[in-house]
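**Student:** Sequence:
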Amino acid sequence: MDKNWSAQNTKGILASVKRVLASGDCTKLTKDAYIHITLHMGFIAHYSRAGFCDVYKDTEKLRHRLLTSEMSDSPMTNDYDADRYMRNPWFQREYGTEYCQSVVDCNQGIVQLARN
Numbered sequence: 001m002d003k004n005w006s007a008q009n010t011k012g013i014l015a016s017v018k019r020v021l022a023s024g025d026c027t028k029l030t031k032d033a034y035i036h037i038t039l040h041m042g043f044i045a046h047y048s049r050a051g052f053c054d055v056y057k058d059t060e061k062l063r064h065r066l067l068t069s070e071m072s073d074s075p076m077t078n079d080y081d082a083d084r085y086m087r088n089p090w091f092q093r094e095y096g097t098e099y100c101q102s103v104v105d106c107n108q109g110i111v112q113l114a115r116n
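Each residue of the sequence shown is one higher than the last, beginning at 1 in our numbering.
Simulated from the structure, these hints should not be mistaken for laboratory data. A few of these clues could be false.
[Claimed, not checked] Okay, derived cross-link-like pairs now, BS3-like style, lysine-lysine, Cα gap no bigger than 30 Å in a straight line:
#, residue 1, residue 2
1, 61, 3
2, 18, 57
3, 31, 3
4, 28, 11
5, 57, 28
6, 57, 11
7, 28, 61
8, 31, 11
9, 57, 3
10, 57, 31
11, 28, 18
12, 61, 31
13, 18, 31
Keep in mind that this is a model prediction, so the values were computed, not measured.
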């Protein structure tokens, strides 16, 4: 396994989520943002971005789940889990610090967007 994965496009992912929440249109979610959310924020895959957007046509429901994940109803779930890639040394050994920090930055940024 490559121990130094490239950092995610944090600015692009956050801009995509911001557009979705501001417009109420889930189809504005980019592929990178969809992949990040489903891999790192406790969402199931829904098989495709279109399937995800079908489930989250109501972006207030999406906003809620960006805070809680699909596996919890606690509004602190994704906030607490945001930095687990930096708290757990295994992630840094396996993926590299740059990648792990980009995951943390995306998660924290998405939680902030969902709160506003």
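**Student:** All hints are to be evaluated individually against the structure, with a verdict given for each.
**Tutor:** Checked hints:
1. 61 with 3: violated (36 Å)
2. 18 with 57: holds (15 Å)
3. 31 with 3: Since the Cα atoms of residue 31 and residue 3 sit roughly 24 Å apart, the hinted pair holds (cutoff 30 Å).
4. 28 with 11: holds (15 Å)
5. 57 with 28: It holds: about 11 Å lies between the C-alpha atoms, which stays within 30 Å.
6. 57 with 11: Status holds; Cα separation ~24 Å.
7. 28 with 61: holds (16 Å)
8. 31 with 11: holds (14 Å)
9. 57 with 3: violated (37 Å)
10. 57 with 31: Distance of about 17 Å is within 30 Å: holds.
11. 28 with 18: Holds, because 10 Å separates the two Cα atoms, which is no more than 30 Å.
12. 61 with 31: Satisfied, since the Cα-Cα distance of roughly 20 Å is no more than 30 Å.
13. 18 with 31: holds (14 Å)
Violation of the numbered hints given earlier is confined to hints 1 and 9; the remaining hints are satisfied by the structure.
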